[in-house]
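Student: Using the sequences and the hints given, assemble the complete structure.
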Amino acid sequence: METKRVVVVGGSHGIGSGIVRRCLDAGALVTMFSRTAGESAGLEGLQHHPIDLVAESIDPSMLPDTIDGLVYCPGTISLGPLRAVKAELLRSDYELNVIGAVLALQAALPGLKRSSGASVVMFSTIAVSTGLPMHTSVAASKGAIEGLVRTWAAELSPKIRVNAIAPALTDTPLSEKFLDREEKRVAMAAKYPLGRIGTIEDMSAAAEFLLSPDSSWMTGQILGIDGGMSAVRK
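Quick note: the sequence shown uses this note's numbering, first residue -11, plus one each step.
The hints are simulated quantities; they were obtained by calculation from the structure and are not laboratory data.
From a predicted model like this one, the values you see are computed outputs, not experimental measurements.
Among the clues, some could well be false.
[Said to hold, decoys possible] No more than 25 Å apart at the CA atoms, straight line, and that leaves these computed lysine-lysine pairs for PhoX-like: (1) Lys101 - Lys165; (2) Lys74 - Lys147; (3) Lys165 - Lys179.
[Said to hold, decoys possible] Across the chosen pairs, the derived CB separations fall in these ranges: (4) Arg169 - Thr(-9): 24 to 32 Å; (5) Lys172 - Pro146: 41 to 49 Å; (6) Gly33 - Arg71: 26 to 34 Å; (7) Arg23 - Thr118: 26 to 34 Å; (8) Val174 - Thr118: 36 to 44 Å; (9) Glu171 - Pro38: 18 to 26 Å; (10) Ala175 - His37: 39 to 47 Å; (11) Leu70 - Gly105: 37 to 45 Å; (12) Pro121 - Ile87: 23 to 31 Å.
C-beta: ideal position from N, C-alpha, C; glycine also.
Tutor: And the structure:
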């Protein structure tokens, strides 16, 4: 990924910040859009543009002329029982996860078309392919993303590849409330066939693969990085 120009939307913390760091370590030139720089603040070679993705659209003039990779990964975990789900929560998750992704891709499209091998990486969740309780809002918006990934892969081929990563529980600041005690960590890890919780490194490695030429014959795919939970029963 040496000298590749990568745009990361939502790279201030957790998985997004891990992707920013991994791309920089691989020699990419990274432009990041997020509310704050967060954990990515001060990283050498990073250009950060503050933005509220719900209230604002990305200014195309702030994007590189040529874009080799676009990663859209703003983080939310909106869990709760069906009886308590409010319309505003559904709208909020849809605005960020779906409309935000559409607008980001629209802004980046001219730059992506100038690349000789552009890749777009979106984020879904295991809760789309595997029914999980308490996931009404996130499953709805991320399910829409999976549909869009396939639509965009068809529309933008052969110049631009579009894939998504579908993580299970990952050890990030967003999931801290589920992992704040050792007994919780042990119980959560035991649910996965591979016996552990996902890490930021697991997700950033998958993103690097999808951005790189190593995945040049992949498009329209949802890559489950979930410790086997969506495919294996112990």
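Student: Look at each hint and say if it fits the structure.
Tutor: Okay, the hints, checked on the actual structure:
Between Lys101 and Lys165 the alpha-carbon distance is near 41 Å, which puts this suggested pair outside the 25 Å criterion. Distance check on the hinted pair: Lys74 and Lys147 sit about 40 Å apart at the alpha-carbon level, beyond 25 Å; violated. As the CA atoms of Lys165 and Lys179 are separated by approximately 17 Å, the hinted pair is consistent with the 25 Å bound. Between Arg169 and Thr(-9), the C-beta spacing of about 45 Å breaks the proposed range 24 to 32 Å.
For the hinted restraint 41 to 49 Å between Lys172 and Pro146, the CB-CB distance of approximately 46 Å keeps it satisfied. Taken as a hint, the range 26 to 34 Å is violated for the pair Gly33 and Arg71, whose Cβ atoms sit roughly 48 Å apart. Checked against the given bound of 26 to 34 Å, the beta carbons of Arg23 and Thr118, roughly 30 Å apart, stay inside it. The hinted range of 36 to 44 Å is not satisfied by Val174 and Thr118, whose Cβ atoms lie roughly 21 Å apart.
Between Glu171 and Pro38 the Cβ separation comes to about 39 Å, which falls outside the hinted range of 18 to 26 Å. For Ala175 paired with His37, a C-beta distance near 40 Å keeps the hint of 39 to 47 Å intact. For Leu70 and Gly105, the Cβ-Cβ distance of about 43 Å falls inside the hinted range of 37 to 45 Å, so the restraint holds. Pro121 and Ile87 have their C-beta atoms about 26 Å apart, which keeps the hinted 23 to 31 Å range intact.
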